[in-house]
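2 protein chains.
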Amino acid sequence: MLNLIILSRDADEYRALIEKAHLPDLNITTDYTQAEIVVGEPKVIQEALPRLSQAKWVQSIYAGVEPLLDPAQRRDYLLTNARSVFGELMSEYVFGYLLFLEKKMLDRMEAQELREWRRTEPGTLRGKTIGLLGVGSIGAHLAGTAKHFGMKVRGFTRESETSTDVDKYFHPSINGQNGLMEFTQALDYLVCVLPRTENTNKIVDAQLLNALPHHAVIVNVGRGNAVDELALEKALKEGRLSAAVLDVFEKEPVPAEHPFWSTPNLYMTYHTSAISYPEDITRVFIENYLLYIEGKPLKYVVDFERGY
Amino acid sequence: MLNLIILSRDADEYRALIEKAHLPDLNITTDYTQAEIVVGEPKVIQEALPRLSQAKWVQSIYAGVEPLLDPAQRRDYLLTNARSVFGELMSEYVFGYLLFLEKKMLDRMEAQELREWRRTEPGTLRGKTIGLLGVGSIGAHLAGTAKHFGMKVRGFTRESETSTDVDKYFHPSINGQNGLMEFTQALDYLVCVLPRTENTNKIVDAQLLNALPHHAVIVNVGRGNAVDELALEKALKEGRLSAAVLDVFEKEPVPAEHPFWSTPNLYMTYHTSAISYPEDITRVFIENYLLYIEGKPLKYVVDFERGY
Numbered sequence: 501m502l503n504l505i506i507l508s509r510d511a512d513e514y515r516a517l518i519e520k521a522h523l524p525d526l527n528i529t530t531d532y533t534q535a536e537i538v539v540g541e542p543k544v545i546q547e548a549l550p551r552l553s554q555a556k557w558v559q560s561i562y563a564g565v566e567p568l569l570d571p572a573q574r575r576d577y578l579l580t581n582a583r584s585v586f587g588e589l590m591s592e593y594v595f596g597y598l599l600f601l602e603k604k605m606l607d608r609m610e611a612q613e614l615r616e617w618r619r620t621e622p623g624t625l626r627g628k629t630i631g632l633l634g635v636g637s638i639g640a641h642l643a644g645t646a647k648h649f650g651m652k653v654r655g656f657t658r659e660s661e662t663s664t665d666v667d668k669y670f671h672p673s674i675n676g677q678n679g680l681m682e683f684t685q686a687l688d689y690l691v692c693v694l695p696r697t698e699n700t701n702k703i704v705d706a707q708l709l710n711a712l713p714h715h716a717v718i719v720n721v722g723r724g725n726a727v728d729e730l731a732l733e734k735a736l737k738e739g740r741l742s743a744a745v746l747d748v749f750e751k752e753p754v755p756a757e758h759p760f761w762s763t764p765n766l767y768m769t770y771h772t773s774a775i776s777y778p779e780d781i782t783r784v785f786i787e788n789y790l791l792y793i794e795g796k797p798l799k800y801v802v803d804f805e806r807g808y
Numbered sequence: 501m502l503n504l505i506i507l508s509r510d511a512d513e514y515r516a517l518i519e520k521a522h523l524p525d526l527n528i529t530t531d532y533t534q535a536e537i538v539v540g541e542p543k544v545i546q547e548a549l550p551r552l553s554q555a556k557w558v559q560s561i562y563a564g565v566e567p568l569l570d571p572a573q574r575r576d577y578l579l580t581n582a583r584s585v586f587g588e589l590m591s592e593y594v595f596g597y598l599l600f601l602e603k604k605m606l607d608r609m610e611a612q613e614l615r616e617w618r619r620t621e622p623g624t625l626r627g628k629t630i631g632l633l634g635v636g637s638i639g640a641h642l643a644g645t646a647k648h649f650g651m652k653v654r655g656f657t658r659e660s661e662t663s664t665d666v667d668k669y670f671h672p673s674i675n676g677q678n679g680l681m682e683f684t685q686a687l688d689y690l691v692c693v694l695p696r697t698e699n700t701n702k703i704v705d706a707q708l709l710n711a712l713p714h715h716a717v718i719v720n721v722g723r724g725n726a727v728d729e730l731a732l733e734k735a736l737k738e739g740r741l742s743a744a745v746l747d748v749f750e751k752e753p754v755p756a757e758h759p760f761w762s763t764p765n766l767y768m769t770y771h772t773s774a775i776s777y778p779e780d781i782t783r784v785f786i787e788n789y790l791l792y793i794e795g796k797p798l799k800y801v802v803d804f805e806r807g808y
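For the record, the sequence lines run as chains A and B.
Residue 701 in the working numbering is what sits at position 201 of the first sequence, and the numbering runs on without skipping anything.
Residue 667 in the working numbering is what sits at position 167 of the second sequence, and the numbering runs on without skipping anything.
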């Protein structure tokens, strides 16, 4: 028997879903010291790490696993995260907001308020260029939706070029040129899907924001550390960007005194662009559990050094 | 030489685009009595009909050709409309508004106004059921986008079943049952894409609205005649529908005293869900012109009796 402990706010729901799957040789325990397998939120698991003496495999229910990456902590277990389940939800969020802006929905609502038949011409996604800062499983899904809407797709990655829906890839250095600046030029939309790592800190800085066309829209659904928030606030205030849609921030919850709450053309959401639905995450766990008991390599393994 | 007259507000743009194509044997004229081919807005062409004595083929730049359908008018020419070009734009509009509602964008904006980190759970399109009232080229495109977002798709048509992205078709009568009522039950979204004909008048009436679940959203991007506006207003006021998004109305522009301007959960736009871009329509014209000079059957021919 393999002992699994569930360390999550939604533990009851996960327990019911996992029990329903009747997985072979699996016992769900509440005894930290007996658990070989751990499923849950990274933050909750981090706090329990010292007591999880038998843990060999930890399945995070989130994509982001920052609390477990601290080099001062134990790393003597296999860490897998939730991947491949957020692409659809992220596509809904990102393209929902791009269409909200292109279709000038606020302008229509204002006209309705004034009882005015106002035929302002809407914009369109078709033919526009979207740049994906990070093309993992979420970025690849966004690329597919962008192609569905007839868009041109650019991808910026360290080196991988896995999604065929990306028309053109860019990497940190191209023939001695700054690949990030090349990537940024002539984008209509910049969507940041980067994880929090040392290499992604303030990658969207004043220089990058200056390289974007003034009509560009920026969306961040990755991690807040990737954006220089002061530089973004400045660009929006000075009208050097059309709009920004942010689901993640340097500090969450965003403090009440933060300038973003009242920055013009900035749309805030509250780290809800992709929810971890237990049904989705349980599918990921089951898939990995069946590999685990056969001694096969697991999916979605996190490299502690790389951070994702 | 074949003489073409362009009867459109955007005549200069159409002339430039058509001239650029260097079509064989084509001459653009401004002499109504010499024109064998007519391109333009149906309303403008209707007014010119008595003078268009040589007209053999009329290419409408709109999908809707109501002004040319009056049986009291001449019908001794071939009428083609603009089709296959609006699907992408309609998808952007329809799914933009569905996502606007699912992602609770107004709730997020209100929270931002209040500087409140409000993590209301968003909804999702995935797994929801969309019903398409009418599945022509626009409906087929909507079906494709719905499948991209992981939705179940129902289609209601007179008899055609052309799009394979529709999971289940319904027709006016199924085994003596009312197919429209069968179609309507358990829909999360009802999208009306019907042309204006005698058969589509108030097809969305009090009975149909009653058959929809209370959480349902209704979208009309077809023609205003299809919706019983009083019944819809009543359903929204009584909370028997979640929301309505309307781009078309019985009378356009909507009169200032119309109750829709202030009906709760009703979102109005002003017949702009799909714009006729001259680049798109010129492609349709060129395609048909090349068939015309070879004596082949044209595409997108309108049946004067059927009305589309």
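A portion of the hints provided could be inaccurate.
To be verified - Straight-line C-alpha distance at most 20 Å; calculated PhoX-like pairs for lysine-lysine: (1) Lys604/A with Lys628/A; (2) Lys647/B with Lys604/A; (3) Lys543/A with Lys520/A; (4) Lys556/A with Lys543/A; (5) Lys520/B with Lys647/A; (6) Lys668/A with Lys647/A.
Source of the hints: derived by calculation from the structure; they are not laboratory data.
Just so we're clear, the structure is a prediction, and the values are computed from it rather than from any experiment.
### Message
Let me make sure I understand: some of the numbered hints might not hold for this structure. Which ones are they, in numerical order?
### Response
As far as the earlier hints go, 2, 3, 5 are violated by this structure, in ascending order.
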